[in-house]
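Those protein sequence lines, which keep their order, are chains A and B.
Once you know that position 26 of the first sequence is 1206 in the working numbering, the rest is easy, because the numbers rise by one and skip nothing.
Once you know that position 146 of the second sequence is 1087 in the working numbering, the rest is easy, because the numbers rise by one and skip nothing.
Just so you know, the hints here were simulated from the structure itself, not pulled from any lab data.
Among the hints, a few may not be true.
[To be verified] Here are the computed lysine-lysine pairs in the DSBU-like style, where the Cα-Cα straight-line distance is at most 35 Å:
(1) A/K1193 to B/K1066
(2) B/K1204 to A/K1196
(3) B/K1204 to B/K1064
(4) A/K1372 to A/K1383
[To be verified] Here are a few chain A residues that face chain B, going by a calculated C-beta distance under 8 Å:
(5) A1198
(6) T1205
(7) V1219
(8) W1243
(9) N1246
(10) I1290
(11) Y1293
(12) L1304
(13) G1407
(14) S1451
(15) T1452
Ideal Cβ positions, reconstructed from N, Cα and C, are used throughout, including at glycine.
Residue strings, one per chain:
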Amino acid sequence: MSNGRPSQLFRNKSAKIAAIPMIVTALFVFVGGTAWTVVYSFTKSGLLPRLKWVGLDQYERLWSTNRWLVSIENLIIYGLCMLVLVFVIGFILAALIDQKIRFENTVRTIILYPYALSFVVTGLVWQWILNPDFGIQSIVQGLGWESFAFDPLYNADIAIFGVLIAGLWQGSGLVMVLMLAGLRGVDQEVWKAARIDGIPAWKTYIFIVIPMMRPVFITTLVLVVTGIVKIYDLIVAQTGGGPGVSTEVPAKYVYDMMFRANNLGQGFAASTMMLLTVALVVIPWAILEFGGSKNRG
Amino acid sequence: MVDVSPSTLSGPQGPKPRKVISRRNIFLYGTLFVVAIYYALPLYVMIITSLKGMPEIRLGNVFSPPVEVTFAPWVKAWSEACTGLTCDGLSTGFWNSVKITVPSVFMSIAIASVNGYALANWKFKGADVFFTILIFGAFIPYQVMLYPIVIMLREMGIYGSLGGLVIVHTIFGMPILTLLFRNYFTSLPEELFKAARVDGAGFWGIYFRIMLPMSVPIFTVAVILQVTGIWNDFLFGVVYARPETYPMTVALNNIVNSTQGVKEYNVNMAATIITGLVPLTIYFVSGKLFVRGIAAGAVKG
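Throw the hints in and build the complete structure from the sequences for me.
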């Protein structure tokens, strides 16, 4: 392209000016900010960031802190349950709605509306519904089953599942919509062919339709996983991390270390671990999706 | 009646199909009915709890409908509920949220649409590199960038102000919005752009006179996406705002989870539903466009 004209830099000037916010954001915030945090995670920063190197000390301390270990454990439990259930529920709902039903719009609207609500609202509603004195537990007990106990938000062993219930309620509509879009994208001829061959519907779904929906599944997976790693507001609103530390999550650990405990180094190390977790999912996906052929951006 | 003899009809003929109340349909509609009830229940609980008095709440359970409807909890939640130190309810938070959301939505869309337009029609060398970084940036957990941005805002002297929050929302809305607009502008016929170029229109001329008027639907989608997203934000509000500039979600959390005093569940639920009202209204009014927004954001990512 270069033809030796001196004004190469100023060609297409307006477009370059228009792209300045993008360039600044990409370089200074996304790359610069991330690099900054990673670098400072190797320092002894406390109340203020300072470049006093301590090697991997922050990480060693992080991994020997009980609260962080509980956070990771919770993230794994919540994440795996969420991942499996949100896909199963989302897909089944999408398949049911795809049966050319009446009132399709109404049903879809009802299932998706929680997604429009914030995590704070979601957490607070479920905090109230799961309240042992007035909520589900008291209702079932009122029906005559006196010994019935279901108080996930007050029982440390199952508290994270109380959060899971709320998370599923909020997020499954999104998966349903994406799956429905995927199902609608499948050629109807496939269904006709399967019916002619006498293949039962469930087999058609599992062996023909779902493999055909691979791209939708993968993008949904990436979305759900990044959402799980970021989970923060739901916890803060619904349980505040309690009872005890039983519902702590990494994102909350980061916030509390950085802005409450004046322990920046721990916050940086913990957030770097979060970055690593996401990278483990996103990078293979990116290589799979864009690595082979460079036909789209 | 119009005279239509059977012989003139060319459509399908034969007896009217029976309405099928098959086992399949009972199962299908039965399941969907139960599912719909389950999803709708929390909204119902929010509303009825917010309309009950405290004595009634203590006697009943979360699902029992109010015997005596009262709007006092709504009034209290709006103007009197306490958030730790102050007792002026959600109203301050609401107006803060408005002051944050309106300029953030405007700024993020203005910047991202021009940017997407530049990427679609005026591609320059290296543009794709920055765009790729931007898209990957969307996956970086916000926690990683929280503190560097605190420093940047502090250096600029706007840490804790509404302006700082607007910048933060503009930055983090950029990846998804740029993608949305770039894809949309790429899908427009190129002849249009070329014809305008031949007629002598420049970068901004084409943007304002051709692209903008043709892109009303995508702008609507972007507005819906941003208003709900920014209104519902909690993390940026709690990190980059001060108590007097806290958005509504943070104020709500402080009201409900403040440990002082007797818990007033009806006021809490009234506050919760008031906070959810803006995105809910947008959702129920916009319908398909909302779905298009998340689908565009998700499937094309």
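Cross-check of the supplied hints:
1. Restraint check for A/K1193 and B/K1066: the C-alpha separation of about 12 Å stays at or below 35 Å, so the hint holds.
2. Our distance criterion of 35 Å between C-alpha atoms is broken by B/K1204 and A/K1196, whose separation comes to about 56 Å.
3. Between the alpha carbons of B/K1204 and B/K1064 the distance comes to roughly 58 Å, so the proposed pair goes past 35 Å and is violated.
4. Only pairs whose Cα atoms come within 35 Å are accepted, and A/K1372 paired with A/K1383 is accepted, the gap being roughly 14 Å.
5. Annotation: A/A1198 was flagged as interfacial toward chain B, and the flag holds, the nearest CB pair being 4 Å apart, inside 8 Å.
6. Annotation: interface hint on A/T1205 holds; nearest CB of chain B at approximately 5 Å, less than 8 Å.
7. Evaluation of the A/V1219 hint against chain B yields a violated restraint, the C-beta minimum of about 10 Å exceeding 8 Å.
8. Given the 8 Å rule on beta carbons, the hint for A/W1243 is violated: about 17 Å separates it from the nearest Cβ of chain B.
9. Among the interface hints, the one on A/N1246 is violated; its C-beta lies about 20 Å from the nearest C-beta in chain B, farther than the 8 Å criterion.
10. A hinted interface residue such as A/I1290 counts as satisfied when its beta carbon comes closer than 8 Å to some beta carbon of chain B; here the least separation is about 5 Å, so the hint holds.
11. Because the closest C-beta pair between A/Y1293 and chain B is about 6 Å apart, less than 8 Å, the hint holds.
12. Interface restraint check: A/L1304 against chain B, minimum CB-CB distance 5 Å, threshold 8 Å, status holds.
13. Below 8 Å, beta-carbon pairs count as interface contacts, and A/G1407 has none with chain B, the closest being about 11 Å; its hint is therefore violated.
14. Taken as an interface hint, A/S1451 checks out: its beta carbon lies about 4 Å from the nearest beta carbon of chain B, inside 8 Å.
15. Below 8 Å, beta-carbon pairs count as interface contacts, and A/T1452 has one with chain B at about 7 Å; its hint therefore holds.
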